[in-house]
Structure formats: structure tokens, C-alpha cells
Amino acid sequence: MTGFVAILGRDLRLALRDGGAMGTALGFYLIVVSMMPLAVGPDLKMLSRIAAGVLWIALLLSALLSLGRIFETDFEDGSLDIIAGCGLPLELVVAAKSLVHWLTTGIPLALAAPILGLLLNFDLSATPFLVATMLVGTVAISFLGAIAAALTLRARKSGVLVAVMVLPLYVPTLIYGITAISIALTPPGSPWPSFLLLSAISLASVVLGPLAAAAALRYQVQ
Amino acid sequence: MIETLSGTDLVLERGGRVVLLGVSFEAVAGQALVLTGPNGAGKTTLIRACAGLLPVSSGQISLVGGNGELTIAEQCHYVGHLNALKTSMSVRENLLFWAAFLKIGSTETRLEDTGQTDKGSVRALVDGALEWFRLRDLADVPSGYLSAGQKRRAALARLLVARRPVWLLDEPTVALDAQMRDLFVDVVDEHLLSGGIVLAATHLPLPFRTKRELRLRLRADGAGSGPCISGAAS
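Chains as they are written, first to last, in my numbering: chain S, 27 to 248; chain P, 1431 to 1664.
Hints listed in this document are in silico derivations from the structure and should not be mistaken for laboratory results.
None of the values given here were measured: they were computed from a predicted structure.
Worth double-checking, as some hints may not be accurate.
Said to hold, decoys possible - Partial selection, computed: residues in chain P whose CB lies under 7 Å from chain S:
hint : residue
1    : A1481
2    : G1482
3    : L1484
4    : V1486
5    : G1489
6    : S1492
7    : Y1508
8    : G1510
9    : L1512
10   : A1514
11   : F1527
12   : A1530
13   : K1533
14   : F1638
Quick reminder that beta carbons are idealized off the backbone N, C-alpha and C, glycines included.
Okay, chain P solo, but in the shape it has when bound:
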């Protein structure tokens, strides 16, 4: 069972510039950790480092209670600013691809990984995800024709097509209307209830069931050199 995703004394650089200096955090299973802070404070950078896209210059990111055979990134869902949808493929085709691709680190399919039922279970997962995000009527529409909010929902539906314990969400609710945002909060709550870890960066209020906030702040000495952490969990 997954317990915590934590970082200690992280130093992260992008393009040779220190973006985060001495940040520590701990995301506990069942409780969302929400990253807030002004533009350029390093929210995206921190999330990309957890997703394995950015090497850690100093410090350590560790996952307690995960699958030891897999890297941290392989146990994560990463939803970034971009939706990762192929415009000429339908919503369903996009999700089927991600379901097949992301199955590698999935916890559930590992148990029921027995040929025949496999294809059926992937389809069932995709149908379930489409249902959750009210995308069933749009399932066969090429994703290039969707509105911004619908595209975002299709991107978020990826979270449900493969079961992964850690969700890394970067501005997940951008372009979503109020109703869809509540729907998304429900999805995240469900994940938290089942013992998942959520790390979300946001500027918008996200009323998750239980959450802690990690506020990243730009460093006071200005010069834009690099922000550092001040407030911890609240």
C-alpha cells in the first residue's frame, strides 16, 4: 500500500537557472497536497521533477510503500498544461492508446493480467472514464473538434484509464466550468478515499475532501534568481 510521496531539500534547475531552492514536501496517501504560489514560483517545476522529467540537482524525491520494481514516475499519472490529445483521433481512440500505454505501471492490471479478459477490461476502463467525465456523446468525435473545456476533460479522463497510485496534476481545472470542476473534485476525492496520493498545482480553489497546502513563494531578495519555500503545510 502506498503511503507517502516526499521530497527533501530539493534544488531544481531549469535551463541552468535555479528555480526551487531547499524545498521539502510530503504528500500523504488519502490527503491532497495543493501547491500554490505566484507565477514563476516553481509549481510546475516541482511537479515535473516528480514525474521524472527533470533531474533533481540536489535533495531527494522518494515514495514510501510503492512498488519497488518500478520507478516513481512509472507509478504516477502526470497531467500537464498540454492535453496530450491527437487531434485526428477520436476521444475514445486517444484514451484507448493511453490505457494501453500507461498499463505498464498500473497496479490493478498487474493482478488480472491474463490475456483474454485484458482487452475487455481496458475497454471497460475507458468507457467508465468517458462516463465519469460526461464524454460519452463525444467519444467518437475527433478530439480536434472539441472545445477547450471538453479537451481538458478528455485529458483528465486519462487518470481513470489506468490505475496509478500517484496523481501529479498541473492546473487541472483550467478551462473547466463550475459543474465540471465539482465533478473532477469528486473523481479526486474518490482516488484519495481509495488511498491514493494527489499533488496538484493550482491558482483556482479546489475543494478536495482533505487537503494540505504548500505555498511556494518568490524569494524576497528579488533579482528573480530563485524562489524559496516559506510556509509549509497549513
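Bound-form chain S, shown alone:
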């Protein structure tokens, strides 16, 4: 357990100190969402209808930007060799690093969403649901993303490859996230079933992501 905490602490410190991943994700999110009203025109009704979808897709793409870096720096400077060989089970290492990705990318993006929603005339009454679905959904994004990050570790310039591998895995998260919000916006019916399914996907990915990514890493460090 000390090893898990040590990695968590170090990676959080590095993320805050270097600031790269978080800044890039938030900046990209802001740019994509603020371009949208300029592109589709000032029709408030239409903007509010597409708001949830735009916010979610922009969130997925922003989170994707920093996925490749989850293991890359440790691989390049040799830390991964020591981490993988001489200590903690790799599954726990992956879990710690995915958790850091969620804390430094998922949470800031989810919290920025309601503010950016103002640009899209997003119905404020559904804001709690928007933030809740995003907080839960980004867990799956980080933990499933770790699989793609681990698989493409040795491939230079692996950005497109990561996107191709991981976006299909995000489809269920996207669908249930959007469904929960749109049911919350149009009162008859309960958004909870969709929200619970979304949570189930995230919980499953917390278990499966580290297992799969650790298997990939074991091959990558050979």
C-alpha cells in the first residue's frame, strides 16, 4: 500500500508542478465549446438542445489529449522498469496512475462543464446531473484509457492510435451520460436508471482497466 500511495503522491505533485496535462485539457475544452455557438449561430433554442452533447463530446476529446502521457514519461526516463520490476503489482501501479489522471483531468473538466454550459444556454436546472454524470463517466475514461495508453507505449506519436482504440470503448459511457441528462431535462421519466448504468460501466472499468493495462505493460517493458 505504501507503494500505491507513493506513486499517487509523486504523480499528483508532478501533475501540479508541470501543469501540462491539466492546462491542455481545460484549454482545449474551453476552445471547442466556445467555438460551437460561433459555428452553429445564435439560435438559443437549438444551442440548448445540443448543449449536453457538445459538452460531453468536447470532454471526451479533451481527456483524450493527455491519455498518452499516463505511462510515457515513466517509460522514457526508466522509472517504469524499476516500478514494474522491483515492487508493487503492476495492476496497482496502473490503478494509481489512472486515478491521478482522473483527479487531474476528469474532475477539473467535469467541474468546468457547467460554466462552459452557460455559453451554450444549457438549462441550469440540470446542472447537478451534468456534473454528476461527468464526474462518474470520467472515471471510465481514465481507467479504460489506461489500456490504450499501455498498449501504444512503444509506438511513437501514438495519438491517433489511442483515439481509434479508445473512442469505441467510450461509446456506452457517452450514451448513458447523455441519456441521463436529457431525461433529467425533459421531466417525465427518471434519469436514475441511466445514471446507475453509467456508474456500473465506470466501476467495471476500474477493475478491468488495470488488469488489461498491466498485462500490456508487462509486455512493453521486456
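Starting from the known structure of chain S, fit chain P onto it as the hints suggest.
Chain P alone, transformed into the frame defined by chain S:
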């Protein structure tokens, strides 16, 4: 007490290519085993296999007298070609991280693993390691600003922040000046005296207190297919 780290009839592959064929070795506690041989003879491959990074295709690596609850890799320190330093963290922060992370398989902290004193002992170990490798003045400098030799010393200081019985060293003295190399030899000698095992690959002379040499040779039939062992201990 740890006794030997040995490999028997090892076959090791990298990327589907046989790199080592039928190698056996035995590293005894208190005596360094130095791996030599031309480029591509499989020195790094052998060390990475001991560190648990490479699956053994055939043969066996075994540790006699170690802690049965831990894997071999968990009782090893591995110092590879790369220094494993985070450039934006200071030397001390890097070492504190490794001290916390590598504590898992450490033999010493297992005995004194009692909350309060723990943090103090980790700090003391790190301070001791910084002192040994003459890094105290550089302790708070981000490691990205160090010279190649200083980075190497910081990487080697990792050996002292957690007590592990087996040291796997891959070209440990690259970039070190003569004085620092002697200093490093002293550190290794101390480890050997306390009954540790050292397996070191090198091209440079390493005047350890007691050592045996294992010379890996490229196979005579050429074709670059794979080297095999010829000379044993000398």
C-alpha cells in the same frame, strides 16, 4: 540470510530473437559477479531477466536464502541505463519517492516498521545516501539541471535508500569520474561485506573487493543469431 542468486541453462529472448542460450551463473553473497562481453552479448538481457522484467523462456533463476514471501525481483535493486529521475523534482524528492516505493521488499524496515519512527528513518536513509554520493549540496536542485555524472550518482544513491539484498547493476559507472567511481566501489564493497549479492554488467574496470567474472561471448557461427556462454567464473 541471503546466499546465492543463480541461473541454470537460461534461454532468454527479446522481440522473438534468442539473445542468450544456455547460460548458467551463480552470484554468491559477499562476492560480486561481473558480467563482461562485447555489445549485444546479452548482459543487459540477463540483468533484466533477474529484475523480473523479462520472462525466462527456458531454465530457471533462483534465489537461495531470501525471503520466501517475496519474489526475487522484490528483493532486488535494479539500476539500468536510464536514471529514473524526474527532472522537475529535486534530487531529495526523487530519492524520498524511491525510498517510500522500494520499502516493500526492504529487509530492514520490515523489522522496525512501527509508524512514528518510520518517516524519520526514511529521511535518515535518504540523507545518508546523499552524503555517501556527495550530493548534499545538490539535494534541492531539480534533477533536470544536473550534469550526466551527477544524475548517475543520484540514480546510484537509490541503492542506499532502501535495503535490498540483491543489487543488479547495468553499466553503473558510466559518466562517473575516477574519484566517484572509487566511491561507488566502496559502496558496493560495503554491501558485499554485509553479505549482499551484486550482479554488475560493465565495460569499465570495477575494482571490487572480491569478484568473479562471467564473460558472455557472441557465438562463433556468427549470423547474429544469438550468443552463447563460453568462459565461466575466473
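Each hint, compared with the structure:
1. Among the interface hints, the one on A1481 of chain P holds; its C-beta lies about 4 Å from the nearest C-beta in chain S, closer than the 7 Å criterion.
2. With its C-beta approaching chain S no nearer than about 5 Å, G1482 of chain P sits inside the 7 Å limit, and its interface hint holds.
3. Checking L1484 of chain P against chain S: minimum C-beta separation of about 5 Å stays under 7 Å; hint holds.
4. Because the closest C-beta pair between V1486 of chain P and chain S is about 12 Å apart, greater than 7 Å, the hint is violated.
5. The interface hint given for G1489 of chain P is violated, since its Cβ lies 17 Å from the closest Cβ of chain S, which is over the 7 Å cut-off.
6. With a least beta-carbon distance of about 17 Å to chain S, the hint placing S1492 of chain P at the interface is violated under the 7 Å criterion.
7. The closest approach between the C-beta of Y1508 of chain P and any C-beta of chain S is roughly 5 Å, which is under the 7 Å cut-off, so the hint is satisfied.
8. For G1510 of chain P, the interface hint holds, since its Cβ comes within 7 Å of a Cβ in chain S; the closest pair sits about 5 Å apart.
9. For L1512 of chain P, the interface hint holds, the least distance from its beta-carbon to any beta-carbon of chain S being 3 Å, beneath 7 Å.
10. Satisfaction of the interface hint for A1514 of chain P is found here, the shortest Cβ-Cβ separation to chain S being roughly 4 Å, below the 7 Å cut-off.
11. Below 7 Å, beta-carbon pairs count as interface contacts, and F1527 of chain P has one with chain S at about 5 Å; its hint therefore holds.
12. Nearest Cβ of chain S to the Cβ of A1530 of chain P: about 4 Å, under the 7 Å cut. The hint holds.
13. Proximity of K1533 of chain P to chain S holds as hinted, the smallest CB-CB distance being about 6 Å (cut-off 7 Å).
14. At about 22 Å, the closest approach between the beta carbon of F1638 of chain P and any beta carbon in chain S exceeds 7 Å, and the interface hint on this residue is violated.
Of the numbered hints listed earlier, those contradicted by the structure are 4, 5, 6 and 14.
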